[in-house]
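A.B. asks: Chain order of the listed sequences is U and D. With the numbering used here applied, the first sequence has no gaps in its numbers, which climb one by one up to 401 at the end. With the numbering used here applied, the second sequence has no gaps in its numbers, which climb one by one up to 260 at the end.
Check before you lean on any hint, since a few could be wrong.
In silico DSS-like links for lysine-lysine, alpha-carbon gap of 25 Å or less [claimed, not checked]:
(1) Lys115(D) / Lys131(D)
(2) Lys215(U) / Lys227(D)
(3) Lys189(D) / Lys168(D)
(4) Lys98(D) / Lys366(U)
(5) Lys337(U) / Lys294(U)
(6) Lys280(U) / Lys215(U)
(7) Lys298(U) / Lys310(U)
(8) Lys131(D) / Lys227(D)
(9) Lys366(U) / Lys337(U)
(10) Lys280(U) / Lys298(U)
(11) Lys310(U) / Lys337(U)
(12) Lys175(D) / Lys337(U)
(13) Lys115(D) / Lys98(D)
(14) Lys189(D) / Lys310(U)
(15) Lys227(D) / Lys253(D)
(16) Lys310(U) / Lys98(D)
(17) Lys131(D) / Lys112(D)
(18) Lys184(U) / Lys168(D)
(19) Lys115(D) / Lys366(U)
By construction, these hints were calculated from the structure, which means they are not laboratory data.
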Amino acid sequence: MLKKRLIPKLQMRAARFGTTKRMVLVTTVGFGQSTEIGDPVSQAKIYQAQAADELIFLDLDASREHRDTLTDIIAKAAEEIFMPITVGGGVRTLEDCRRLLNHGADKVSINTAAVEDSDLINMGSDMFGAQCIVVSIDYRKTPDGAYEVWTRGGKINTKLDPVAWAVEAQKRGAGEILLTSINQDGTRRGLDLELTAKVVGALDIPVITSGGCGLASHFVDGFLVGKAHAVSAGTYFCFKDENPMQTRSRISNAGIPIRLHT
Amino acid sequence: MIGIVDHRMGNLLSVFNAFEYLGADVQLCSDPRDLEDAEKIVLPGVGAFPDCMKNLKRLGFQETLNRLVLEEKRPVLGICLGMQVMADWGEEGGEHRGLGWIPGRVVRIKPDDSALKVPHVGWNDVHYSSKSPFFQGLPQGPEFYFVHSFHMECTDPAHVDAWCDYGGKVTAAVRRENIFATQFHPEKSQDYGLKIIENFLA
């Protein structure tokens, strides 16, 4: 039986060390205030030891200037990480996709460019296979309960409806959707189950939901109430005295099929 | 030396990295002549069946592989599409002849439960033959990482070394003499996957 997936998210920013820049692992709250955690590759190795099912690496700065730094990190991680790796942040062209896939990424996550240049989804899916193309959707809930898709790291309101946009992305060839609630990001108050369930119900492809996990029960809710195929979390695994291994026992105890060992 | 067939079908870096991680003397072979020195051969592959067969022919691999694997009996490990092309026929993108090393056909997965989507992507638990040398040292029902829409139906059930359940039986590994192949990706399946590669190296 196919298992549900637990996916640590490694968010990175470029930080200056003397005269050089390197990528550091960070966590954010509401896509704002970020806290440095450490080295992304070391953390990835820990997640591997704790039997994470996949990893997502995201470059929050998404800038052209440290494109090579990101590629280096993926290449370094791929030498020792033997599980599927998704990479995102600043993926704008087919060439960006190809470069990351050639350096060890199994899938690329496209966010802003998917909205601004939607043909990239079709072209990427045709060229590399749908299973390589993850469309990442960041959304905010408005005070009156509506949902809107935001791009450029949560700075631009596209006014798109996340459900309609996910359906469109699937039609264009996305192999998977990664949902992130900006309101819930880093709050540890729980996932947005309402929007997750709506998107899962509207699609045939797998949905990864994220933003807000603070307790093991939040993951359980994501699977049972949100019906998500996978739950991703960053802050939860970085700060709490919790790890993927303990969390998956809790998920398993709730009757959800999940891997229990490496 | 372990020779990985580089037939320009997908990224071979992960496969290479996994062998190197285990301390193997491994080499990407982009020319069939590079395979002559290989004690063991790895045939990976991501993409479509007809493209893979076309590349194996065009680059001159088919003849060399037939000789090394069928006549000289060198051990070979097929992965994903590399397993599928070992069958007689594939029905992806029309009817196409495969290498014909394992009697059978590669057909689209048809789960009997409409909630199960194709491609079959993710971690699934595998039931393996207790006689298989390649699954030695693994617990019952180990999970491996799968990404595929087609799978091999073997003419002789004795060639099925492992299967998994995805709305019906899906062939997860095949074995015949010096030939072993997995539909899942051992190089993406953490410790269990590395164990399979280790068993192939032993």
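A.B. asks: May I ask which of the numbered hints given earlier this structure violates, with the numbers listed in increasing order?
C.D. replies: 2, 3, 4, 6, 8, 14, 16, 18 and 19
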